[in-house]
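Student: With chain A fixed as given, assemble chain B onto it according to the hints.
Read top to bottom, the protein sequences are chains A and B.
Residue numbering for the first sequence is 824 to 918, as defined by this note's numbering.
Residue numbering for the second sequence is 5 to 508, as defined by this note's numbering.
Don't read these hints as lab results, they were simulated from the structure.
There could be a bad hint or two in this list.
Okay, the calculated bits of chain B under chain A, using three or more residues with CB under 8 Å as the criterion [stated by the list, open to error]:
#1 162-170
#2 316-326
#3 329-340
Virtual Cβ for every residue (Gly too), placed ideally from N, Cα, C.
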Amino acid sequence: MALTHEDVKKIAALARLRFTPEEELRLTGQLAKIVDYIDQLQAFETAEPDLGSRGVEEAADQTAPCLPREKFLANAPASLDGFLLVPEVKGGGDA
Amino acid sequence: MPEMSEGAEIWELSVEEIAAKVRSREISASEILEACLARTARVEPLISAYLEIFEVEARERAAALDRRIAAGEDPGPLAGVPVALKDNLSLDGHALTCGSRILAGYVAPFTATAVERLLAAGAVPLGRNNMDEFAMGSSCENSAYQLTRNPWDLGAVPGGSSGGPAAAVAAGSVPLSFGSDTGGSIRQPAALCGVVGVKPTYGRVSRYGLVAFASSTDQIGPIARTVRDSALALEVIAGADPRDATCATEPVGSYLAGIEQDISGLKVGVIREIDPKALSAAAARNWQQSLDRLTGAGAELVEVSLPSLDAAIAVYYVVATSEASANLARFDGVRYGHRSAKADNLTDLYFDSRSEGFGPEVKRRIMLGTFALSSGYYDAYYGRARGVLEHMRAELATAFETAGVVVTPTTPTAAFRLGEKVDDPLAMYLSDIFTTPASLVGLPTIAVPSGSDNAGDTGLPLSLQIMGRPFAEATVFRVARAFEREVGWSVAPTFREARVAGDH
Numbered sequence: 824m825a826l827t828h829e830d831v832k833k834i835a836a837l838a839r840l841r842f843t844p845e846e847e848l849r850l851t852g853q854l855a856k857i858v859d860y861i862d863q864l865q866a867f868e869t870a871e872p873d874l875g876s877r878g879v880e881e882a883a884d885q886t887a888p889c890l891p892r893e894k895f896l897a898n899a900p901a902s903l904d905g906f907l908l909v910p911e912v913k914g915g916g917d918a
Numbered sequence: 005m006p007e008m009s010e011g012a013e014i015w016e017l018s019v020e021e022i023a024a025k026v027r028s029r030e031i032s033a034s035e036i037l038e039a040c041l042a043r044t045a046r047v048e049p050l051i052s053a054y055l056e057i058f059e060v061e062a063r064e065r066a067a068a069l070d071r072r073i074a075a076g077e078d079p080g081p082l083a084g085v086p087v088a089l090k091d092n093l094s095l096d097g098h099a100l101t102c103g104s105r106i107l108a109g110y111v112a113p114f115t116a117t118a119v120e121r122l123l124a125a126g127a128v129p130l131g132r133n134n135m136d137e138f139a140m141g142s143s144c145e146n147s148a149y150q151l152t153r154n155p156w157d158l159g160a161v162p163g164g165s166s167g168g169p170a171a172a173v174a175a176g177s178v179p180l181s182f183g184s185d186t187g188g189s190i191r192q193p194a195a196l197c198g199v200v201g202v203k204p205t206y207g208r209v210s211r212y213g214l215v216a217f218a219s220s221t222d223q224i225g226p227i228a229r230t231v232r233d234s235a236l237a238l239e240v241i242a243g244a245d246p247r248d249a250t251c252a253t254e255p256v257g258s259y260l261a262g263i264e265q266d267i268s269g270l271k272v273g274v275i276r277e278i279d280p281k282a283l284s285a286a287a288a289r290n291w292q293q294s295l296d297r298l299t300g301a302g303a304e305l306v307e308v309s310l311p312s313l314d315a316a317i318a319v320y321y322v323v324a325t326s327e328a329s330a331n332l333a334r335f336d337g338v339r340y341g342h343r344s345a346k347a348d349n350l351t352d353l354y355f356d357s358r359s360e361g362f363g364p365e366v367k368r369r370i371m372l373g374t375f376a377l378s379s380g381y382y383d384a385y386y387g388r389a390r391g392v393l394e395h396m397r398a399e400l401a402t403a404f405e406t407a408g409v410v411v412t413p414t415t416p417t418a419a420f421r422l423g424e425k426v427d428d429p430l431a432m433y434l435s436d437i438f439t440t441p442a443s444l445v446g447l448p449t450i451a452v453p454s455g456s457d458n459a460g461d462t463g464l465p466l467s468l469q470i471m472g473r474p475f476a477e478a479t480v481f482r483v484a485r486a487f488e489r490e491v492g493w494s495v496a497p498t499f500r501e502a503r504v505a506g507d508h
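Bound-form chain A, shown alone (with noise of 0.2 Å):
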């Protein structure tokens, strides 16, 4: 497919990434030669997993203690009384 600009700027809302112009055209640019590329697993045959086949073993689900919430604390951006310290919920996010 032939990737576009608006393509761009819908995937990068997606994603929460912002761009400037510039970025964008540069982007989709780079991003639609790699999706020509990609095209062609078109051309190449596929099969389905075989479920039956053993993978890695998930080990059982055990309760054991968790990160110290201070040691957690120490890398957060904010904090208050032991929560995390966020910026007001409602609005933003026009690119």
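Tutor: Structure of chain B alone, referenced to chain A:
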């Protein structure tokens, strides 16, 4: 034990030699460390492989080991071995950036299982190594912090994403380092730097404490100067871990026990679809020479078929970027990492923190993965890629019905020039053509030096890749060791500064 060459410098000792001498008190862990720190001080200004050197702490740790040895304790199979860690492996209380601005200031609050096992075996972490941001890249040029240079030619890339760990070992700063491999990120830089790199079977090594990139392929593995050292190192870090639910419970066994056995009669699969014209002239000559060397070592070459080889890059860049777009959603400026100062509401905080914190290649991959998973395109891209991947898995399973191992060149060319591919992401991706299939299918794989590009006059290292059946690491190491004996490689980089025109 391998013989020690007369008059070798302390920093030239192998992992095995260091551990043996430290355990027998012939030399102290502190003397080993000082030799490696001195060597690092000499070579680091040339190659910039480290983001941080833990000088003070390493000295304390080595001194503590020496006290334990003096008290009659045995610290373990890596006693006194200085090691370097890629900057996506957590070590409690140490900065960890993943080569990204978005993690500037982050301090690991716990230690990765693999690193814990190194410490328990007596290893001494010497520092953390540079890498492509979030392990996305094949040249180390995507680090937000610095360029790392190839010790053989300072104008060439060290490969990536584990460029720092590979360059550090090649330059003699440490005999052993650890990286992560998602699509070739241990093997490709090991190849370009002329050292040995191992990507274990998917699930062989716990990923607890490794920053996730693509969870269906990420594996931690060693980089060393010799096959024996890399086998010993993998033995230490491999094995079940209740803290990583995807870590296999398969027993590890000893990789060194049968490593010197010869490979007479072993069937080595050669992939029919490898087009020598897709290799540089020097790599094509070297590839043929490698096959002759395997035959010389007694192996029997058999032709196997991997029709989906040409689809590997496309499959990889859909699957890995899709997973990355999900894994990297956690970097949102809320819990850790960079938070934008300009946002006054939560949605803008996500957009601004991510846009300011991530570099161009990471953004590009998040975009590609988001696209492949988006409504309307999922079936045509992600679904299709998964289908081709399953076909590739079946093709390789068939190949392993006749062959004990399957070989390819590790890379289609020797190290390329710094800056050569930075503006062409697709050209950069294509350097991973041979390493991605084993990642996608989860096979144990090793990159072993196969000689140098002497005919092309650059003298840069080339490498052979050996893939095995799942959990057949012991076989892979045995073939690699037999091949290494035939090649007679020595890691002696020249730190050449002048640009040499030639075949890449």
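Student: If a hint holds in the structure, say so; if it does not, say that too.
Tutor: Comparing the hints with the structure gives:
1. 162-170: Not satisfied, violated; 0 residues make the cut.
2. 316-326: holds (count 5)
3. 329-340: holds (count 7)
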